[in-house]
Amino acid sequence: MVFSSLVFLFLFLPIVIGIYYLIPTRTYKNLWLFVTSLFFYAWGEPIYISIMIVSIFNDFFCAQLVEKERNKGNTGRARFFFILSLSINLGLLFFFKYAGFLIENINALFHLSLSAHKLALPIGISFYTFQTMSYSIDVYMGHVKVQKNFLTMAAYVTMFPQLIAGPIVRYITVEEELTHRTESLEMASYGLRRFIIGLGKKVIIANQMGMIADTIYNSAYGTPGTIMLWLAAIAYTFQIYFDFSGYSDMAIGLGRIFGFHFLENFNYPYISTSITDFWRRWHISLSTWFKDYVYIPLGGNRKWIYRNILIVWMLTGLWHGASWNYVFWGLYYGVLLIAEKLLLHKVLNKVPKVLRHIYTLLIVVVGWVIFRLEDASQLFDALKGMFRYTGTSRSDLLFIYQDMLYAIPFLILAVFASTPLTQRFMAKIEAQDNPVFKVLLDISIIGILMVSIVFLVGEKFNPFIYFRF
Amino acid sequence: MKRHYAFIISIVSIFGILFLGIFIRGVKAESLIENKRLYTFPKFTFESFMKNTFQNDLEEALSDQMVLGETFKAKYLELKKQSLGLMVWSIKDRDDEFVAEETSQVDTTAEPGYTTEETTNILVGTVETTEPTIASEETTVEPQISFVPHVEKIDSYTKDYMSKLKWTSIDDTHFKVALNPKGSGLVEAVGENHLIFTKIGLSAAKAGFENKAASVNKLAENYPEIQFNNFYIETDVDVDFVGGTITHDLSNYLGEQFNDNVRFASLNINSVEEYINGFYKTDHHWDTERQLIGYQSLIKFLKGPDEPLVDFDLYLTNLAYNGYKSRLLNEFSTTDVFKFIVPKVSRSEVYINGSKSTYGNKYGFIKGNFTQETAANYYGDCNGADYALVEYHYNQPSKPNALIFIDSFSNPLKEVIASHYNNTYYVDFRYYETAYGKPFDFSEFIKDKDISVAVNLGYYYFFAGDTFIIND
Numbered sequence: 001m002v003f004s005s006l007v008f009l010f011l012f013l014p015i016v017i018g019i020y021y022l023i024p025t026r027t028y029k030n031l032w033l034f035v036t037s038l039f040f041y042a043w044g045e046p047i048y049i050s051i052m053i054v055s056i057f058n059d060f061f062c063a064q065l066v067e068k069e070r071n072k073g074n075t076g077r078a079r080f081f082f083i084l085s086l087s088i089n090l091g092l093l094f095f096f097k098y099a100g101f102l103i104e105n106i107n108a109l110f111h112l113s114l115s116a117h118k119l120a121l122p123i124g125i126s127f128y129t130f131q132t133m134s135y136s137i138d139v140y141m142g143h144v145k146v147q148k149n150f151l152t153m154a155a156y157v158t159m160f161p162q163l164i165a166g167p168i169v170r171y172i173t174v175e176e177e178l179t180h181r182t183e184s185l186e187m188a189s190y191g192l193r194r195f196i197i198g199l200g201k202k203v204i205i206a207n208q209m210g211m212i213a214d215t216i217y218n219s220a221y222g223t224p225g226t227i228m229l230w231l232a233a234i235a236y237t238f239q240i241y242f243d244f245s246g247y248s249d250m251a252i253g254l255g256r257i258f259g260f261h262f263l264e265n266f267n268y269p270y271i272s273t274s275i276t277d278f279w280r281r282w283h284i285s286l287s288t289w290f291k292d293y294v295y296i297p298l299g300g301n302r303k304w305i306y307r308n309i310l311i312v313w314m315l316t317g318l319w320h321g322a323s324w325n326y327v328f329w330g331l332y333y334g335v336l337l338i339a340e341k342l343l344l345h346k347v348l349n350k351v352p353k354v355l356r357h358i359y360t361l362l363i364v365v366v367g368w369v370i371f372r373l374e375d376a377s378q379l380f381d382a383l384k385g386m387f388r389y390t391g392t393s394r395s396d397l398l399f400i401y402q403d404m405l406y407a408i409p410f411l412i413l414a415v416f417a418s419t420p421l422t423q424r425f426m427a428k429i430e431a432q433d434n435p436v437f438k439v440l441l442d443i444s445i446i447g448i449l450m451v452s453i454v455f456l457v458g459e460k461f462n463p464f465i466y467f468r469f
Numbered sequence: 001m002k003r004h005y006a007f008i009i010s011i012v013s014i015f016g017i018l019f020l021g022i023f024i025r026g027v028k029a030e031s032l033i034e035n036k037r038l039y040t041f042p043k044f045t046f047e048s049f050m051k052n053t054f055q056n057d058l059e060e061a062l063s064d065q066m067v068l069g070e071t072f073k074a075k076y077l078e079l080k081k082q083s084l085g086l087m088v089w090s091i092k093d094r095d096d097e098f099v100a101e102e103t104s105q106v107d108t109t110a111e112p113g114y115t116t117e118e119t120t121n122i123l124v125g126t127v128e129t130t131e132p133t134i135a136s137e138e139t140t141v142e143p144q145i146s147f148v149p150h151v152e153k154i155d156s157y158t159k160d161y162m163s164k165l166k167w168t169s170i171d172d173t174h175f176k177v178a179l180n181p182k183g184s185g186l187v188e189a190v191g192e193n194h195l196i197f198t199k200i201g202l203s204a205a206k207a208g209f210e211n212k213a214a215s216v217n218k219l220a221e222n223y224p225e226i227q228f229n230n231f232y233i234e235t236d237v238d239v240d241f242v243g244g245t246i247t248h249d250l251s252n253y254l255g256e257q258f259n260d261n262v263r264f265a266s267l268n269i270n271s272v273e274e275y276i277n278g279f280y281k282t283d284h285h286w287d288t289e290r291q292l293i294g295y296q297s298l299i300k301f302l303k304g305p306d307e308p309l310v311d312f313d314l315y316l317t318n319l320a321y322n323g324y325k326s327r328l329l330n331e332f333s334t335t336d337v338f339k340f341i342v343p344k345v346s347r348s349e350v351y352i353n354g355s356k357s358t359y360g361n362k363y364g365f366i367k368g369n370f371t372q373e374t375a376a377n378y379y380g381d382c383n384g385a386d387y388a389l390v391e392y393h394y395n396q397p398s399k400p401n402a403l404i405f406i407d408s409f410s411n412p413l414k415e416v417i418a419s420h421y422n423n424t425y426y427v428d429f430r431y432y433e434t435a436y437g438k439p440f441d442f443s444e445f446i447k448d449k450d451i452s453v454a455v456n457l458g459y460y461y462f463f464a465g466d467t468f469i470i471n472d
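Protein chains in written order, with this note's numbering: chain L, 1 to 469; chain F, 1 to 472.
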């Protein structure tokens with residue numbers, strides 16, 4: 001199930017929220033969240049739900065054993081159970097996500113014909129694996145107390161607001177709220193508003209940007225011209241942002257409805273003035289996860305800094321997908337971050353902000369092209385086409401790419417919505433005493449909801465070609 | 001606090017009206033605009049849940065049944081149309097606007113007209129006229145309460161479409177047509193408002209064609225006693241109206257994939273005029289002019305040039321016809337006058353999915369049993385719908401039995417094609433497994449029905465799609 005589906009909006013969510021608020025006790029509320037989250041996951045993955053349950057059991061019991069052994073003074077055995085827990089988590093992730101990639105490359109390198117499994121990737125495995133690992137690591141490091149209640153642990157891992165697309169919620173963030181949280185009308189109302197804004201980002205903006213990018217990249221009429229390639233790259237840049245940040249907004253909003261305060265995952269990354277700044281604003285939960293659990297243990301800034309940066313960024317790329325373009329994308333940023341640390345930052349500090357902004361956006365847009373195009377020859381042709389001019393005729397634009405023309409005006413909306421202007425405007429209204437503006441704001445948000453529903457239903461317009469002929 | 005209550009209650013009300021309102025209004029069965037049966041709320045079974053079909057069906061049902069759902073779809077399409085129009089207006093060079101009179105070679109057709117056996121008046125709605133009125137692109141079609149059906153037999157019918165088309169001919173295979181993009185893969189011919197799908201590239205077609213040909217070649221090897229024939233009907237997706245070229249690259253490539261012992265022919269579109277006059281403005285199917293040519297070509301191909309051909313009566317109605325392309329764009333202002341052909345053949349027995357029946361409703365249309373409705377599917381209503389298996393038994397034991405795999409292009413011609421055989425079996429794979437509960441068994445069928453001729457008859461999607469692959 002996805003947040004932007006009619007089943008979720010009209011059936012699942014009203015029932016879940018309605019019954020949640022009727023349940024009187026915290027334990028049963030957590031039980032309800034756990035059960036409905038399992039149902040949410042099973043809706044799309046009826047078989048692979050077992051993998052997630054194995055992952056929960058693994059971290060729950062291993063953490064108990066780590067704590068038990070540590071209390072006995074057996075640090076060696078505690079470490080053993082910790083490593084066992086990580087191995088099982090990473091083993092599952094590796095098996096489903098990376099085994100095929102590894103075998104493919106072994107076959108290519110050594111001219112073998114090994115066959116990989118053809119099992120599909122379980123939805124959200126990268127997110128919930130990192131989530132459960134963060135719990136195990138924090139227990140081992142002594143940052144959090146072990147959770148002795150399986151239901152509470154399970155509710156934390158499976159919580160549907162952030163289960164399949166993040167943000168990666170660390171146990172430490174919600175530890176207290178799992179057992180002691182309050183729900184209020186104000187929080188529920190804020191959560192709903194945040195959810196609707198996220199839904200609008202996804203349905204109204206991201207989907208139209210996706211139409212532009214897909215039409216151009218999937219065209220059967222050869223490599224597009226330079227302008228079309230840049231248009232596709234910019235559209236994809238917006239698509240991925242509004243898709244992902246929209247989902248994060250929906251997750252944070254839903255969390256708030258249930259009394260949880262998830263951390264922000266995006267902070268207007270496209271206003272960044274350096275790559276370093278960009279990665280403090282983009283997918284914050286992932287970059288902090290890698291910083292805290294990989295970069296710092298490797299030595300961080302203290303030892304082998306450039307090696308650590310490259311390792312972290314290679315892993316960041318791999319986390320996103322089992323394909324060389326993702327590895328290349330990760331290393332692309334690793335190298336640029338090193339370059340900024342070493343010498344670019346001195347240059348950037350002297351350059352006007354607008355130029356720093358342009359430099360950052362250029363790097364980011366090209367990076368997204370690398371991220372989007374898994375096929376190496378298509379990627380090479382696209383990058384070549386972006387920087388070596390070939391024209392696009394008016395006829396090509398009108399006819400070959402006509403299916404995406406209607407979506408181009410949405411670029412204006414995308415540009416506007418990617419800046420903090422709207423947020424600042426909304427914050428000003430909330431700070432005011434005059435209720436009229438607040439009511440108008442609410443009406444606008446309801447308008448976003450209605451437009452989102454129109455788009456969701458409208459996208460399903462599918463006249464049947466052959467009925468009754 | 002009041003503000004939060006008001007906000008939440010507003011949201012809950014919206015969801016309540018849109019969803020719970022379904023059960024107050026009642027579940028809808030069909031959408032005329034989308035020309036489809038609407039999804040209804042599926043029954044939960046463990047098997048359907050594990051296969052994900054329950055989830056998909058529920059999502060579709062919610063979209064189809066939602067209160068104001070059709071309005072939302074219409075609004076969404078309208079928004080897309082306006083946005084597309086704005087972009088086309090801003091991109092298009094005004095100087096490119098093609099004017100036919102300024103070019104050196106201009107093709108025109110005869111003035112619109114027809115001849116009848118007797119002079120009659122055609123009534124369109126309540127407007128009476130002594131001249132034939134051809135529904136123009138300006139006509140707005142709405143359900144007409146005062147509609148009086150009119151139908152008459154005519155000798156011939158000449159369209160005036162080419163005189164309105166803004167185009168020029170460069171040579172036999174090159175031309176230029178003024179077009180407007182409409183979205184959803186469609187362009188519109190300026191002046192004549194013909195909706196045309198853009199050409200499918202050969203690279204996109206190859207895999208599908210190769211699969212189809214491979215399956216037929218394999219059958220031909222396994223069943224050498226059966227004569228295998230393939231008849232490909234070119235349509236707009238075979239002609240590059242944007243680039244202005246006619247290459248027959250798709251039909252040529254398809255033909256090359258079949259082995260020598262498998263016969264292939266295609267009904268090619270050799271000129272803009274052939275396409276414009278032969279096909280509906282708003283539908284991918286062929287109009288009566290092309291149906292006649294298609295029948296003649298097909299029978300000559302299957303039975304040889306000496307096979308006597310059947311005559312037809314041509315009937316003209318006062319119906320304004322909107323086809324699939326209109327529904328795709330949700331635009332119904334452009335229409336065709338609806339005509340149909342009735343072959344002069346002897347009676348036959350017809351079976352549909354094993355039960356004795358009648359196919360189509362041409363005789364009902366001859367009697368005027370029709371009403372004007374926006375987006376109504378007259379092609380199917382009159383000529384016949386799609387079924388898993390349609391059989392014609394002509395009791396002509398000296399002639400062979402034929403098995404013909406089809407799409408909906410055969411619908412107007414099923415009866416007349418079958419008159420050249422003893423028993424003819426039309427199989428449509430889109431519906432076969434649902435109707436019969438099992439996939440089509442070629443070997444069993446040809447033995448049971450004593451088939452000696454097998455034919456694949458259809459257009460691009462029939463030959464390129466996986467649905468129509470015959471597995472042995």
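No wet-lab data here; the hints were simulated from the structure.
A hint or two may mislead.
[To be verified] Partial selection, computed: residues in chain F whose CB lies under 10 Å from chain L:
(1) Arg3
(2) Glu60
(3) Tyr76
(4) Gln82
(5) Val88
(6) Gly185
(7) Thr198
(8) Phe301
(9) Asn330
(10) Tyr351
(11) Ile352
(12) Gln396
Bear in mind that the values here come from a model prediction, so they are computed numbers and not experimental data.
Don't be surprised by glycine CBs; every beta carbon is placed ideally from N, CA and C.
Right, here's what the structure says about each hint:
no., hint, result
1, Arg3, "6 Å, holds"
2, Glu60, "7 Å, holds"
3, Tyr76, "2 Å, holds"
4, Gln82, "8 Å, holds"
5, Val88, "6 Å, holds"
6, Gly185, "7 Å, holds"
7, Thr198, "6 Å, holds"
8, Phe301, "24 Å, violated"
9, Asn330, "7 Å, holds"
10, Tyr351, "19 Å, violated"
11, Ile352, "13 Å, violated"
12, Gln396, "28 Å, violated"
In this structure, the hints that do not hold are numbers 8, 10, 11, 12, in rising order.
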